[in-house]
Amino acid sequence: MGNVQILLRQHVGAPCAAIVKAGDAVEKGTLIATPTGLGANIFSSVYGVVEEVTDDRIIIKPDEEQKEEFVPIKEGTKLEMVKEAGIVGMGGAGFPTGIKLNINLAETPMGEMDPEINPELPEGFKLEHSYILINAAECEPGLEHNIQQLEEQTDKVIRGVKYCMEITHADKAIFAIKKKHHKAIKILDAALKSEPDISMHMMADIYPMGEERAVVRECLGVNLTTTQLPSAARSVVVNLETVAKVAEAIDERKPCITKNVTVRGKLVGGNEAHVFMDVPVGVSVGELIEKAGGIDGEYGEIIMGGAFTGKSTELDAPITKTTGGILVTMEFPDLHGAKTGLLVCACGGSEERMREIASKMNANVISVCRCKQAIENKPGAPLKCLRPGNCPGQVKNNMQFKKDGCEYIIIGNCSDCSNTVMASGPKMGLKVFHQTDHVMRTIGHPLYRTLKISKEVSQDIDF
Amino acid sequence: MSITAETAKAHAHDPAVLCCRAEGGITIEPANLEDPAIFDDLVDSGLLNLDGCLTIEEVLGAKLKETCDSLCPLTADKVEGAKAPSAPEAEEAPAEEEAPAAAPVAAAPTAAGGVLKIHIGEGKDINLEIPVGALGNGGAAVAEVPAGAVAADAAAPAAEAGEEKVVGTLTRKHFKITEVKRGPETKIEGTTLYIREGIEQEVIDNQELVKDFHLEIITPDKYHTYSETIMDVQPIATKEGDADLGTGVTRVLDGVVMMLTGTDEGGVQIGEFGSSEGYLDENIMWGRPSCPDKGEIFIKGNIVIQEKTNMERRGPMAAHTAFDVITQEIREVMKELDDSLVAETQELKQVRRPGKKKVVIVKEIMGQGAMHDNFILPVEPVGILGARANVDLGNVPVCVSPLEVLDGCIHALTCIGPASKEMSRHYWREPLVLEALHDPEVDLCGVVFVGSPQINAEKFYVSKRVGHTVEMMDVDGAFVTTEGFGNNHIDFASHIEQIGMRGVPVVGMSYCAVQGALVVGNKYMTYMVDNNKSESGIENEVLGCNTLCEEDAIRALAMLKTAMAGEEVKAAEKKWNPNVKSTNVELIEAAYGKKVDLVENEQSLPMSQKRKEKYD
Chain A
1 MGNVQILLRQ
11 HVGAPCAAIV
21 KAGDAVEKGT
31 LIATPTGLGA
41 NIFSSVYGVV
51 EEVTDDRIII
61 KPDEEQKEEF
71 VPIKEGTKLE
81 MVKEAGIVGM
91 GGAGFPTGIK
101 LNINLAETPM
111 GEMDPEINPE
121 LPEGFKLEHS
131 YILINAAECE
141 PGLEHNIQQL
151 EEQTDKVIRG
161 VKYCMEITHA
171 DKAIFAIKKK
181 HHKAIKILDA
191 ALKSEPDISM
201 HMMADIYPMG
211 EERAVVRECL
221 GVNLTTTQLP
231 SAARSVVVNL
241 ETVAKVAEAI
251 DERKPCITKN
261 VTVRGKLVGG
271 NEAHVFMDVP
281 VGVSVGELIE
291 KAGGIDGEYG
301 EIIMGGAFTG
311 KSTELDAPIT
321 KTTGGILVTM
331 EFPDLHGAKT
341 GLLVCACGGS
351 EERMREIASK
361 MNANVISVCR
371 CKQAIENKPG
381 APLKCLRPGN
391 CPGQVKNNMQ
401 FKKDGCEYII
411 IGNCSDCSNT
421 VMASGPKMGL
431 KVFHQTDHVM
441 RTIGHPLYRT
451 LKISKEVSQD
461 IDF
Chain B
1 MSITAETAKA
11 HAHDPAVLCC
21 RAEGGITIEP
31 ANLEDPAIFD
41 DLVDSGLLNL
51 DGCLTIEEVL
61 GAKLKETCDS
71 LCPLTADKVE
81 GAKAPSAPEA
91 EEAPAEEEAP
101 AAAPVAAAPT
111 AAGGVLKIHI
121 GEGKDINLEI
131 PVGALGNGGA
141 AVAEVPAGAV
151 AADAAAPAAE
161 AGEEKVVGTL
171 TRKHFKITEV
181 KRGPETKIEG
191 TTLYIREGIE
201 QEVIDNQELV
211 KDFHLEIITP
221 DKYHTYSETI
231 MDVQPIATKE
241 GDADLGTGVT
251 RVLDGVVMML
261 TGTDEGGVQI
271 GEFGSSEGYL
281 DENIMWGRPS
291 CPDKGEIFIK
301 GNIVIQEKTN
311 MERRGPMAAH
321 TAFDVITQEI
331 REVMKELDDS
341 LVAETQELKQ
351 VRRPGKKKVV
361 IVKEIMGQGA
371 MHDNFILPVE
381 PVGILGARAN
391 VDLGNVPVCV
401 SPLEVLDGCI
411 HALTCIGPAS
421 KEMSRHYWRE
431 PLVLEALHDP
441 EVDLCGVVFV
451 GSPQINAEKF
461 YVSKRVGHTV
471 EMMDVDGAFV
481 TTEGFGNNHI
491 DFASHIEQIG
501 MRGVPVVGMS
511 YCAVQGALVV
521 GNKYMTYMVD
531 NNKSESGIEN
541 EVLGCNTLCE
551 EDAIRALAML
561 KTAMAGEEVK
571 AAEKKWNPNV
581 KSTNVELIEA
591 AYGKKVDLVE
601 NEQSLPMSQK
611 RKEKYD
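Protein chains in written order, with this note's numbering: chain A, 1 to 463; chain B, 1 to 616.
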């Protein structure tokens, strides 16, 4: 095992401050960094010796031998234990879970719904119940660790859900899961037979169903604005893996020191997903790729996270509490400097990420448009989609690209918007790439172009 | 792009096309529909066929029968429960109007994205729609001007017409000049004006930046003389006694004008967006408010300023200031003239008409520094002394009376495209001010000059002042005019927006046509009049060709009256079509029962080599 690098910032908020120094011996579960503002405790994920503490990370040389046991966290109320364990949103956002769950949903009134995006809601609509919504959409194509965990650790996950309900005083919980996961749905359905307050909502296999507000809309039928939190719909959305971590913290007093990761792509042995459960935080990307078989020849880039929202990374980068996927892609096509437009969207990469992809494709970016629904709540803040997964129309952007003289466009849109781009782009003579193409081709997933399935699925288990 | 409920309402009678894939069984709402603003381009490019397409009001609330993809026109077979169409634009005026007026708009190559809509109406409306991001060929400009025709007067509510009130008068005493000669002193004898020999050196010495100066007397037989670019044309006028501009008596010479031309030491013309150098008779659009009239004598001063100062503010400023040395000497002489020499006396009245629709004219003037500036409110008509530079005033709105405008309160330093520049003389006989002042159906409360600054933040700074200024006037309608094209259209659009958002109908007037297509637009730009006269809709470098003329003022007034009466002004057709204007003019003639004389354009001039090579 190589050195473990534990980043001081693995969450939304300020970096933590290290409380260990070079030479200190640490155990699995030793608290090594604490929050300086919004943040969450960070623990050592291995037994070993701190080799170096830098501005942004703690580097630990692991011992040869690694025991299973860990230093348990302090006991306290359930919420205190969630905070103490340093749990953050493991779907990728990294918001400290102890803060998210610190809400009394029973006393949280329904927020005001914007009628413009909720034309079908009666005025003054109120939700009768309050909810924990478990995000099991695993929406980034190619990742499988969430669904595998749901299938294998159903009881632990349900325990976690009940703890979340208890902490937040939510009287209901709903699993949001894509209907394509037949096996997981059957397992979950069986497990929920004895849980009258927990149900599941099945969703179509389109991107982005896992966006927080999309989950709320799918499960509860209300559209939140880009600045509203799920609490406006009397709910809290928690990722499936996070829920399991809550159960571990409370039942086992286990700190948040491991992560489930899907490694996939252009690997020796094929492009199937390799799911690694409980990978110690801080292990390098390269080490995981080697474990999955190693890179198969030349490759395009390595992505940490998903194809839509992930970022390119390097072999020596460490995984964090929010790393979900490691994707090794095939090589990029070469556009030979062709004039290219970028359609930036809240659902895909930032403009910076899109430009990086364009540059790797040797494209000459001459025009940048933004999806009409991509809202920048604050200057510089990540874009948020006004109506995730429901297109506002794209032909105007295509006209702009055409006018600017683009030959190619690279889009980062959701399934529905990509479909709209395709309705006019090619007819105008624009050649369309999607930012996920190199990943989709690598893992054998259909490209994001036209949409052929319905956005609605029946809630019957009819398979 | 999907539309809002508000947009859907505004486009109730436009075709309903899905903006995105929509699944069978949904109830159609505005968010499912594409913005009709872009349909023309889609139809043109073959991406859309609107045959049999239902309107937006028909499909809203109806059920979509089957899953349809984006850009699918909603025809009767695709929806269930479509509503019956409402009376189509029933309230339209009785007259069959619908003539396209000429609204030219061209896709400026520099245009930013977006779609510009411009309406140009004449008693009717004119709509210009300029897809700035037109598909493919960037050149297609589009202007639509439909003419809604509604006799404007038909709509005029019988307001309790109060008495007309004369709030100010200005007397112009005209002195006839038939000959201009050089002599030992500047004087006027009978109808002969003598200009002192050697005065040139004083012009040169007056300003450090002036390096050379020549004076020429251009009589009609010398019109075919080569000239450097014409920087300004000015009336020769002076105040009697201590009267302020716009009041008392002004003396003016008829039959002669001051004409300033020039280059820098390197021979570079002092102008941007083209220059009007060449033979005078091939480059002046005779009779424009800005320009000399055929038959007039020009006292033409050709000035040479320090190299490279042609594009700086101080260059043109120095040229104008120095040239005024001669004009001022003539003014001094005029003050002494005996009243017996007065050929004609004219009284201009500022009339207020309480109870009539109150209107204001907002004139955007150049204020970007460099060669783009104007002197405001000099002591003498179109003088220098006492005036404040627009740029120094921060371009903020300055309210003046109509009589101040007609008395030469603007000394125009602007050297933008010759065809659309309003020379100093333009203000002296500003057609819109004159028309509005004389129109018994409106109450012109005043004129607001606002500069066009260089930087966008400053543009919006001043346009917001315009909005508040107009708001506190409690007007029923407003005109916004501009000269030039391009950068100044940003503030032009913003002025219209700031006024329009306060619920005041605004008629915009600008040269647009092909080359001057608007680069920005907003939803208040629904009433537009294009000042273009050129055959091809371009800045043809013929002095004054595309400036605001009486015919434009008449169209603008008719359009504003239509808008104030709540009548609809139709959108112009998509491509720039000069017929829109002519049809609108016909409608106005029919409605008012009077003939509107249209001015000639550059085609009436001898063809210059430059025009032959560059334009026609």
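The hints are simulated quantities; they were obtained by calculation from the structure and are not laboratory data. The beta carbon of each residue, even a glycine, is placed where N, CA and C say it ideally should be. Any given hint could turn out to be false.
Chain B residues, not near chain A, derived (Cβ > 10 Å throughout) [said to hold, decoys possible]: (1) Met-1; (2) Ala-10; (3) Arg-21; (4) Gly-168; (5) Glu-265; (6) Tyr-279; (7) Asn-302; (8) Glu-329; (9) Gln-346.
Okay, derived cross-link-like pairs now, DSS-like style, lysine-lysine, Cα gap no bigger than 30 Å in a straight line [as the list claims (entries may be wrong)]: (10) B:Lys-9 <-> A:Lys-372; (11) B:Lys-65 <-> A:Lys-178; (12) B:Lys-9 <-> A:Lys-180; (13) B:Lys-9 <-> A:Lys-384; (14) A:Lys-179 <-> B:Lys-9; (15) A:Lys-291 <-> A:Lys-360; (16) A:Lys-311 <-> A:Lys-179; (17) A:Lys-61 <-> B:Lys-9.
Enumerated hints in conflict with the structure, sorted upward: Violated hints: 1, 3, 12, 14 and 17; rest satisfied.
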